[in-house]
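> Chain residues, written in single-letter form:
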Amino acid sequence: MMIRKLLGILSCLSLSGVLVFGQGGLKEIPDTGLEAALKGFKLPDGAKIEIFASDPMISKPIQMNWDKEGRLWVVGSSMYPQIKPGQEEGDKLYVIEDTTGDGRADKVVAFADDLYIPTAVAPGDGGVYVANSTEVLFLKDTNGDGKADFREVVLSGFGTEDTHHLLHTFQFGPEGMLWFNQSIYIHSHVETPWGVRRLLGGGIWHYRTETRKLEVYSKGLVNPWGHVFDKWGQDYATDGAGGEGINYLFPRSVFKTSPGASRVLKGMNPGQPKHCGLEVLSGRHVPESWVGTMIAPDFRGHRVNRFALTENGSNYVSTQQEDLVASKHRAFRPIDAKMGPDGAIYIADWYNPIIQHGEVDWRDSRRDHSHGRIWRITFEGRDLVKKPKIVGQSVEKLLEMLHAPEGWTRHFAKQELRDRGREAVMPALDKWVAALTAENEHALLEAVWTAQGLNVLREDWAKRLLESKDHHARVAGLRVLYYRAGEIKDSVKTAAKFVLDPHQQVRLWAVSVLAQTPNLEAVQAAMKAVDLEKDDALDFALWSIAREHRRFWLPLAEKGENPFVNDAQLLFAARATGEAVAVDKILTTLEKGGFNEQQVKDVSDWLAAVGNARVLSRLFVKAREDKVSATEKHIILQALLDAAKLRKLHPAEGADEVKVFFAGDDVKAFSLAASLAGYWKVEASRPELEKAFLAAEQNEGRARAAMEGLRYLGGGKTVNLFKKTALDKKLSYQMRSLGVIGLAQMSPRQGAELAVLVLPDAPEGKDPFGIYGAFLATKQGPNVLAGVIREKKVKLPQAIALTGVQQAGSTATKPVGLIKALQQAADLKPMKTALTAQEMETMMAKVAKEGKPHRGETIYRRAAMQCVVCHAIGGAGGIIGPDLLSIGASAPVDYLIDSMLQPSSKIKEGYHTTLVTTKSGQAYAGAIARESSDEIVIRDAAGQENRIPKSEVASNAVSPVSLMPPGLTASLREDEFVDLVRFLSELGKEGEFKVSAKRYVRHWEALMPHERTRDAIGHYGPRIFADNFKTYAWMPQYSQVNGALPLSELPPVKGRGSNRWSVARFYMDLSKGGKIALGLNEVKELHLFVGEEEIKLDTESGAVVVELELKKGLQEITLAAKRGWTLKSYQVELLDVKDSNAQVRLLTQAEWMGLKK
Amino acid sequence: MHLQCENWNRGIVHVAVIAFLVFASANLAKAQNKGFHFQNGDMVVSVGNTFVERAQSFGYVETLLDLDAGRQGAEDVRFRNLGWSGDTVWCDARSYFGPPQEGFDRLQKGLGELKPTVIFSNYGGAEAMEKRSDGESEEEALKRFVEGYSRLLEMMASSAGDGLREIVLLSPTPLENLGAPLPDQIENNKRLGRYRDAIAKLEQLEVAGKVKLRFVDLFAVLGGDGFSGEVSQAPLTNNGIHYTEAGYRVVAGKLLSALGMESLSLLEDEAGLDKLRQAVVEKNRLFFHRWRPANETYLFLFRKHEQGQNAKEIPMFDPLVKTKEKEVSYLREQVLNSLRKR
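For the protein sequence lines, the chains are A and B, in the order given.
With positions in the first sequence counted from 1, the corresponding number in the numbering used here is that position plus 935.
With positions in the second sequence counted from 1, the corresponding number in the numbering used here is that position plus 3.
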């Protein structure tokens, strides 16, 4: 029935009235005039946007950079995404200038007009550097006509596998090096006079033009088109396809998607929009409170976001602020942002209704190839900065400019000083530095940078920075040493002094300097930082140096010596290698109880991955000790199970002792032990396992664990048990399902014969226990099941057959045979998924005319639709599919419709399914979560991580099948489908469905009905909901786009009599304790708890702001509401409290699950 | 060596004489290295690293080879440049998402399609400059290189088709010292010399189809052997390693001499030569978009189900290359005629 519904919709569509559309699919090509663009903008009070330069003066700008004369250099490409046969390379580099000072460019020169998709530009060294597909060019005008007549290929060998990933984001750093980025699909191989440099996948390079030294600085990120240095020289990147907002970079940092990375770092804003460009606001023209904040263009959402960073350990917390600008104009595509010489903000607008070239045909006529703008944003009532005269200025005056509040002025003064040369500058600089007072650290840093720009290392000045009380200066000083650590005599000694610095970022940079010197002393010095607090970034840096320079300390460890000063450091370094080194020493400490819980986990996980059978025996002995806590027992048993599963490795002795974990009520220990008994072939445990298996209705978890155990024990006894269970009609469907599943995994053929007998009894056509899954998880399973269905001419009810078709349809192996067999078995017509052009037009017209986005959101959130399980909106929701935050603003409606009807026709980069089959015939499909030299971790459609040893991999391929099941919308009526599309098409556009920068709580978990509540509430009141009661079950829940959590969607929990309650909680993490505030839109019938303590609310008023004094660490906030006649929606916003020291952030599901562990 | 040519210009004789002297002094002129000869319809494919890749955008090497082919009377000689920055005998640079083997396979496929009769192969430069993995000695690295090169040559010989006659093994070119802050390159040049020696020995290798292997010592003729760290007074490179336009002009002359060929017209018919060279460069530009197009991920790889329909455009470069090639051949005749008239 369900299937027919959409077919019905489609046939109706083709009959209903036809609207005439513009080209192809895009509803309408936006008005290309400037007026229309200006009308679309929305800015904060007092901010004003004007045009600085527009087509035809320039077209299709991709990157822009100023020169020291205040001219703006802009590269643009009308050839993107691909040259046409017969076309000449004709892309341009423009130099535009406002010669009259009226804030509008009046002069343009095409400096070069023979480029091919130039993606970056940076003037310098008397000419200009340009990224030109595979090459970095240096162009120069030698005869003064304003056009390039000298061309040199400076570097070559950059990949072009995808033209929106090409080398990009050129800039000169404060130290005078040229920096640039490449993205995920690019593989670069560059020969330099200093050796060959290779970078596979995304990453960030730096290049000193006078030495021609090229180095990789950081790796990974999906499409990092934003990179900026702050006032103290720390650097940050944004990602055009990554969605974690701003990322803090440091040497050797590795982020997601870097090939072969076994560990990656995270960005500061998970679930934030994707950005192209990044700039730090500075100077006197921008509002004071904005200085130091960062702007990042969100080209999908037609807006420029703004973020405020606060320091947090070695990293930062980034909080989104009100947008700098947002537009309703669908072709406004901000892709670069720069502060200008006048203190105003300049935004490059690529201008296109269609972005990138993966989704829409390259030659699609809706693509814009000619427009493009540079906008200028100023602030009313604030004076502009007088454009500084830099060229021709005296060295002394230029040095004074290093004190300027405008980053622009300081940067170009340094550029000019660099161009003047050492002899002209160094003596004056010496004098200037001598006159600086001690507290003038920032000026001293500018001086160090100026010297670096001249390729002069002033160690003495760098060391003065190291002596500073200000950690920014110490970090900056270490960074100076970092670039040339190899040439500095005592760099190890110097850096070693800062490994135990009170500030984590200083420690991080000390470790980074040490990593530049490959010797034992450097690693020993670095490892001392293991003893102090270390956040993820610092931990990463330590992990990295221990691995990279293992050849120095490992020989000592292998001789049984500890190269470091304590066991914790040795454990850290040994684990970092991912190999079995220094094992005996570490195990002895474990046995003596010398490690804390976290360290026990570290030891267990590591040794499970690398230890031998004797090592596992010793771990197992430890797990059985009475005095070991339950948590530590679980940790060790889990590790032993990993070893059994992944490495087929068992303890050398004592396996029979596994039975000690069967007694008692520790379910988790039982589960682990049951599996271990199976893997270890402990036949004596069979009776206990059979008993637990047959008691599935009392405890399914235990039964499944027992099933696993029995399956691995194997033999005729297990087969008979599973068979008997599946065939016994007196048993529950659950029990019979488990029988089928158990057998299917042992013998697909026998399992399939049982499956066709059990499936017809499936309740409501659902497959709640995963019979299909058992077949789809193996390589031959689907064919075997299909074979049995055909041979035995099986008839199945439509509903359960459809369930099977859907599950099979989203399996990476694309089991066509099984899908056909199921369709025949239930007489299902194959689903129509492709619309004709006419049907598509009609459907789009309906979406535009009749679609109701609010209703669409309700449909989106229906549990049966499963959208939320996989997709997030602004970070709230699943992580399996792409975040839909601004899908409406970026994707045309026909694309949205196609994606839902045929998920495999459109797959976002980074969301391709990888299909790994193992030598034993298992198939794992999903996204690669991590990969190392000996293991690959696949995250499947259920969010489960599967660890597969590389030695077991038979094949590993990118599958053309989306993880999104086809037919999810098959159950919808036409009007519902139209509403759903309309909702998606509104996401990210200016209006109600744009995720606001306000910090609404978006991640929740809701209390499931529990037998305890009805009686207990009578005794204790609603505080029972905030009790830390062990058997409460909580399910994930997310707020709507507007931040509200509708009570109607939460499970009703029993109260007294006919009263029903709903309870939801969320978590915050405070890196510094203090006052925070929560804004609540509605408090009637509401109870609020911090931990188990109730906070009294003034329930008479409507909206309230509640101030809370909170301690450092994880904080649990619970809201309990009595359900009344009308069901309200609750919006909770995190607010700052003035003058509070608190540093707080809202946690995502994944984060608090991690922290609670 | 054809030193007593009739009407060929004096400049070239001059270059050739110098080349001969360098050659002789290096004591590397081998009896079996008789002059290189083109044949009608030759398909000449160059493979290698940045040195080969960048040669295509200056055109000197190809133009001079083509002119001498004309002088020798060979018609319809075509050139295809498959150079790739940073490439090695394992084809590191030619692979995209897979291991180097993927690049090796890509090159094999390319050779299978182009069916070269002559291959110019220039490897060793990147390999010698690559950072060695922990614990590997130079000897071990060199041994690995020789094995890798042998395997590559075997692949070339067996994949290029029956028409393959000869593989010219070009040694790496030496590095220049351009003065501080650039490196002096003393050690690098010594190592490159050792790689050169290893490549020279490969001349004796027997590969499928009895394809002739001919070693050409560019390292020696460009002064690599006598190098002791002196700063170049008239550099041929812009960074010590990669040749400038003027540099390639010199390299082209020396290469031809070392091949026992004559580099024509360097001084006499500048205008004609330049026109020809520009046409060669333009042909190379068109061919580049044909064999190494941008966006391969969508055209041919794992996202072709999204935008693979655009791949139909890529073969449309073939007729454009062909047309440009006709122009090259016409211009070559012009230059040859003008030289013959002298």
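Treat the hints as calculated values from the structure; they're not laboratory data.
Ideal Cβ placement from N, Cα and C applies to all residues, glycine included.
Keep in mind that the hints are not guaranteed to be accurate.
Said to hold, decoys possible - Here are the computed lysine to any residue pairs in the SDA-like style, where the Cα-Cα straight-line distance is at most 20 Å: (1) B:Lys-315 - A:Glu-1023; (2) A:Lys-1019 - B:Arg-194; (3) A:Lys-1841 - B:Arg-194; (4) A:Lys-1885 - B:Arg-194; (5) B:Lys-315 - A:Lys-1148; (6) A:Lys-1148 - B:Lys-307; (7) B:Lys-146 - B:Arg-194; (8) B:Lys-327 - A:Thr-1748; (9) A:Lys-1019 - B:Ile-189; (10) A:Lys-1075 - B:Glu-190; (11) B:Lys-325 - A:Thr-1748; (12) A:Lys-1148 - B:Glu-316; (13) A:Lys-2047 - A:Ile-2030; (14) A:Lys-1843 - B:Ser-60; (15) A:Lys-1843 - B:Asn-313; (16) B:Lys-307 - A:Gly-1061; (17) B:Lys-134 - A:Thr-1748; (18) B:Lys-329 - A:Thr-1748; (19) A:Lys-1019 - B:Arg-288; (20) B:Lys-146 - B:Gly-164.
Said to hold, decoys possible - A short list of chain B residues far from chain A (calculated; beta carbon distances all over 12 Å): (21) Ala-96; (22) Gly-115; (23) Asp-137; (24) Leu-323; (25) Gln-337.
> Work down the list of hints and note, for each, if the structure agrees.
Evaluated hints:
| no. | hint | result |
| --- | --- | --- |
| 1 | B:Lys-315 - A:Glu-1023 | 19 Å, holds |
| 2 | A:Lys-1019 - B:Arg-194 | 44 Å, violated |
| 3 | A:Lys-1841 - B:Arg-194 | 51 Å, violated |
| 4 | A:Lys-1885 - B:Arg-194 | 37 Å, violated |
| 5 | B:Lys-315 - A:Lys-1148 | 40 Å, violated |
| 6 | A:Lys-1148 - B:Lys-307 | 37 Å, violated |
| 7 | B:Lys-146 - B:Arg-194 | 13 Å, holds |
| 8 | B:Lys-327 - A:Thr-1748 | 47 Å, violated |
| 9 | A:Lys-1019 - B:Ile-189 | 46 Å, violated |
| 10 | A:Lys-1075 - B:Glu-190 | 33 Å, violated |
| 11 | B:Lys-325 - A:Thr-1748 | 43 Å, violated |
| 12 | A:Lys-1148 - B:Glu-316 | 38 Å, violated |
| 13 | A:Lys-2047 - A:Ile-2030 | 18 Å, holds |
| 14 | A:Lys-1843 - B:Ser-60 | 36 Å, violated |
| 15 | A:Lys-1843 - B:Asn-313 | 18 Å, holds |
| 16 | B:Lys-307 - A:Gly-1061 | 43 Å, violated |
| 17 | B:Lys-134 - A:Thr-1748 | 41 Å, violated |
| 18 | B:Lys-329 - A:Thr-1748 | 50 Å, violated |
| 19 | A:Lys-1019 - B:Arg-288 | 13 Å, holds |
| 20 | B:Lys-146 - B:Gly-164 | 28 Å, violated |
| 21 | Ala-96 | 4 Å, violated |
| 22 | Gly-115 | 22 Å, holds |
| 23 | Asp-137 | 5 Å, violated |
| 24 | Leu-323 | 6 Å, violated |
| 25 | Gln-337 | 24 Å, holds |
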